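Asker: Got two chains here, separate frames each, mind docking them using the hints?
Residues per chain are reported as follows:
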Amino acid sequence: MANALVQGILLGGVFAMAALGLSIAFGVLRVVNLAHGEIMTVGAYLAALSLAQFGVNVWVSLVLVVPALGFVGYWVQRTMLQRALRISELAPLLVTFGIAIIIPNVLIELFTTNKKAIPTGDLAVRSITVVEGVSIGVLPLLTMVVAVLLIAATQLYLARTRTGRYMRAAADDSETLRLMGVDHRRVYALAMGIAFGIAALAGVFFGMRQGGVTPFDGQLAVLFAFEAVIIGGLGSLWGTLAGGVVLGVAQTLAGVVSPELPLLVGNLVFLAVLMFRPTGIVRSKVAV
Amino acid sequence: MSDLVPGAVRVDRYRRRMIITQVVGAAVIVLLAFAPYVFVPAVTSAWIKLFYLITLATVWNLLAGYAGMVSVGQQAYIGLGAYGLFVFNDLGVNPYASALIASVAIGVIAFALSFVAFRLRGGYFAIGTWVIAEAVRQIVIRFDSLGAGRGRGISDYTADPVLRNLFTYWLALGILAGTLIVTLFLLRSRMGIALQSIRDNEVAARALGIDVGRTKRIVFVLAGIGAGLAGSVICLQAIGVASPSQIFSVSYSAFMIFMVLIGGIGTIEGPIIGAIIYYVMDLYFSQMGLWYLAVLGVLAILATLFLPRGIWGALTSRFNISVFPIGHRVVAVPGAGEGRAARRAAQSSMATAE
Chain A
84 MANALVQGIL LGGVFAMAAL GLSIAFGVLR VVNLAHGEIM TVGAYLAALS LAQFGVNVWV
144 SLVLVVPALG FVGYWVQRTM LQRALRISEL APLLVTFGIA IIIPNVLIEL FTTNKKAIPT
204 GDLAVRSITV VEGVSIGVLP LLTMVVAVLL IAATQLYLAR TRTGRYMRAA ADDSETLRLM
264 GVDHRRVYAL AMGIAFGIAA LAGVFFGMRQ GGVTPFDGQL AVLFAFEAVI IGGLGSLWGT
324 LAGGVVLGVA QTLAGVVSPE LPLLVGNLVF LAVLMFRPTG IVRSKVAV
Chain B
13 MSDLVPGAVR VDRYRRRMII TQVVGAAVIV LLAFAPYVFV PAVTSAWIKL FYLITLATVW
73 NLLAGYAGMV SVGQQAYIGL GAYGLFVFND LGVNPYASAL IASVAIGVIA FALSFVAFRL
133 RGGYFAIGTW VIAEAVRQIV IRFDSLGAGR GRGISDYTAD PVLRNLFTYW LALGILAGTL
193 IVTLFLLRSR MGIALQSIRD NEVAARALGI DVGRTKRIVF VLAGIGAGLA GSVICLQAIG
253 VASPSQIFSV SYSAFMIFMV LIGGIGTIEG PIIGAIIYYV MDLYFSQMGL WYLAVLGVLA
313 ILATLFLPRG IWGALTSRFN ISVFPIGHRV VAVPGAGEGR AARRAAQSSM ATAE
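The listed protein sequences correspond, in order, to chains A and B.
By my numbering, the letter at position 115 of the first sequence is numbered 198, and the numbering carries on one by one without gaps.
By my numbering, the letter at position 199 of the second sequence is numbered 211, and the numbering carries on one by one without gaps.
In silico SDA-like links for lysine to any residue, alpha-carbon gap of 20 Å or less: (1) B:61 to B:166; (2) A:198 to B:302; (3) A:199 to A:133; (4) A:199 to A:145; (5) B:61 to B:176; (6) B:61 to B:251; (7) A:199 to A:147; (8) A:199 to B:302; (9) A:198 to B:257.
It is worth saying that the hints were derived from the structure and are not from the lab.
Since the model is a prediction, treat every value here as computed from it, not as a measurement.
The following block holds chain B by itself, in its conformation from the complex (with noise of 0.2 Å):
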């Protein structure tokens, strides 16, 4: 790198990267959605859970890596969105559509949440939003018609189970990927870099004029969509919920916090790491039973203490790689004449304010 002096250098947003990420991340959707005709159903609809899991992961993440809330509550949403799939199906909506309307309106009822999980902060946020998550489960196991206590099947569904795994991988598939291109391009815009300053150093960011209450509300409605979609995809491939308490266990908090923590906190690959991690590990030891569960316990302490940034964390401090490019550097720009610095340097600042 030369000199760096004004106009001999501009700020570069990693703009080829992101080209390859999108024509890739384009392919790879595609060759995914086709993957039904390729594949049978069992591998399939295994899938499903991949696809949900690195979604739920994902949205924690945003939660927590980015906007610094560390929520063991999130069950609330997924459970609505099971619960949501229901409501909308009986009123004679198909169970696909109805998953996407319930998301909407688990998008209003998390924002009507945050207002009450607001007011505490830290460790406190993280238990109150557990005990919303509990009063949640509580309403809901009230109505009659929502199976009560005990759960219930979606009662209008695709007969076929061939078209109906067929529905739900597509629907999973296009979840997952609806909520990675969210996810990036809101990490890329002017919000995203709002949101890793507050990571970084939410003081700094107030003093910046960064409006954080606002900001963080906008993650908190969207983890909790992400959430209930989840939630809707998970019914719709058990045919229902067994029971209530099941759907809104903590222990997906707990599944979510092991796949962030392990892939790495504070990245995009990271929880996608993780969840491929964990769906593995499941696959191969879930027949442990809850020794399992408390192995998962143990290695996300351990990776806490000892590895806080997560395998992918890891990686990128030893290799400058990323596969979702969300940041900025500055590049020297070689040869830059007195015209051409002046129009670069007008580029640039115009692509900071973007």
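In isolation and in its complexed conformation, chain A is listed as follows (with noise of 0.2 Å):
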């Protein structure tokens, strides 16, 4: 029981890097980014194919696989995204939906669904023994490091330097920042630009977790992601861990009880959260 808390509160880390991506795009675009999951699947299987043809280590290939995605991201959100934005509301959430239809469908006419492994060593099996009966494994332990340093490094991106400033005037008031000379177009791209890098370095974590990738991966990633976001409370990225903590609390202990129970309790807890504590389980202080 003790061990199985342990691990779910490490799952959450997995949770919270991916949900970060889907707070970002949102918090600043107010776009709800469905091919989120996506994303993080083809962050996973350019891990795996850097590995595969060029032998790169894993660690090497996301040098490469996050900036590659951050780009296209950025060039996403200006080439696609931007025109979808002064269409209406709906239109970049349409958009972003016939993304998320096209990739997994290519993966699977590419790779078939078989599962691409993301060999990592005897990193997925190296644990460390804190007490009787509770090991911790080394992945989760550096996943759950990743995200908590990648959520404290963009709050400290947002907060301080001046293009993290702007990102939140643009999120407040894009034509307010335009009277000031900057242009918004470029802050909402970088914005999905480093929302797209962060999916992909979520999703080489997930797909270390779970020994490979699949083109189905995206659909149950980006439900956590958006699961976490909610159950932690709009707005808040601190909020983003403790979601992703509960949700992969609430996962775990489930799977004691039978395997085929994690992702009903995860969809009910949330659910149960969405009714009960519409605003999440953390308020938000640095709107974002």
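Answerer: Here it is in structure tokens:
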């Protein structure tokens, strides 16, 4: 039981990481990226491919994959979403859903439905025994540490840097930002680039955790990320961490009861939070 | 048009066009009802698919095009329609009546779920409905009597395949006709005007005293019922459900969105055109496998960005045509005398109040 609790908390790390990208995109652009999970999957595939094709270590591949998808995100925003934002409130949503339909089907055609392995050496199996019966996997721990660092870094970036301030300004009032002589489209695109980059990173960690990646993972991942955002409370970055942890613990504890239950219980916890505490479990202080 | 002085104008609801629409529509429905006596079952069986596609597109459009709720979770009700049919069929009701009874139950479920879904707005509403659909699927497959995760067939079904096809055809046609009639009269009603104003500007609609929440909830329930009925037809045609993940697949939402966007969101005619286009594409390109789905996604994105009002929207902006008249226009009353003008004014104000 205690072991399950610890594993659940650590599982929350990967959910929080996934949720962070979604949260940034929504916070700055008010766009819910329905393709967020698919971007994670693409990230994981790129990591797996660079491993298989060029034999680079998964950590080295991150140096390539994250900026690559960040670049893609920047241009998806500039070429498609920026146009959609002008059309109507619903248009960006429909565009991202279109992307979410394209990616898994193309991935299946290119790589079949088989799991593509992301080997991590012995990292996935190594663990530290804390006390009797409670052992912490090195990979989940590392994921959690990265998630916490990432959230802290994003928070600092938004609070302290000039572009971070532009992003918050764009979220509040892009018209006024334009009057100040800042191209809001570039700010938006940059935010989307960061969101895609973080999604790719989260996707690789998600893939490593699962031992590989399949074209269907994106669908699961986007729902997990979204649930973590809502459970934590909209607009709070640390809330996404709390939301991820709650979701992770709920799923892991349910898994102890029956291996068929984790997803259902996770969803029910989410729906219960939505029903009885729609503002989320963490009060947001800094609006992103 | 002459001078627009009060009394010399009246509000026209396109009554003449509406009468033509009703007469022609009724004739088309009757003709289609007799189609099984003319065509072989293979043809009518293919039409069943077209009918449920139009039904699905129409109700999704009602949700997204009029009430501003983009849902990617309508597969929840499609799946419930199929599984609801099993439930009532197992209780001894014939499968066609089961479909109708199930739709009532689905309406109740959709009403309950609206309280959860309406906690979210915009994009998060969309993804929230997706989670609800997943949760519904995960609950349904907990029941062993419903085939658990494996899917199942309809146990008490019409034995003769020709009669089976005939009854399913009529049911699908009836559901389609019902959906279109309800949609048309709903949009011509007072609530339809409210819906169109919500579509155009929700805040302004609220300021005019429209109960936005209630209106949206009614549409949400109607859309759930429509999707549920379509799901029952899908199940009847396939003599069961091959697998729960198929009937609860998010692809259905993708198809609905594609049909509505291509045809023209926020019109009655658009989804019908979109459904026909999708049906024809499916006929010829579905052997392309999954590339075909990817192409649908690309086309949906292109339609959103470059043809935001769809094919029908592009047509109506060029020509003043409408098959289903739901609008209002102000027309001058030619040679209106004092007495007649007053009478007309009273009449027209009554017409708007209706």
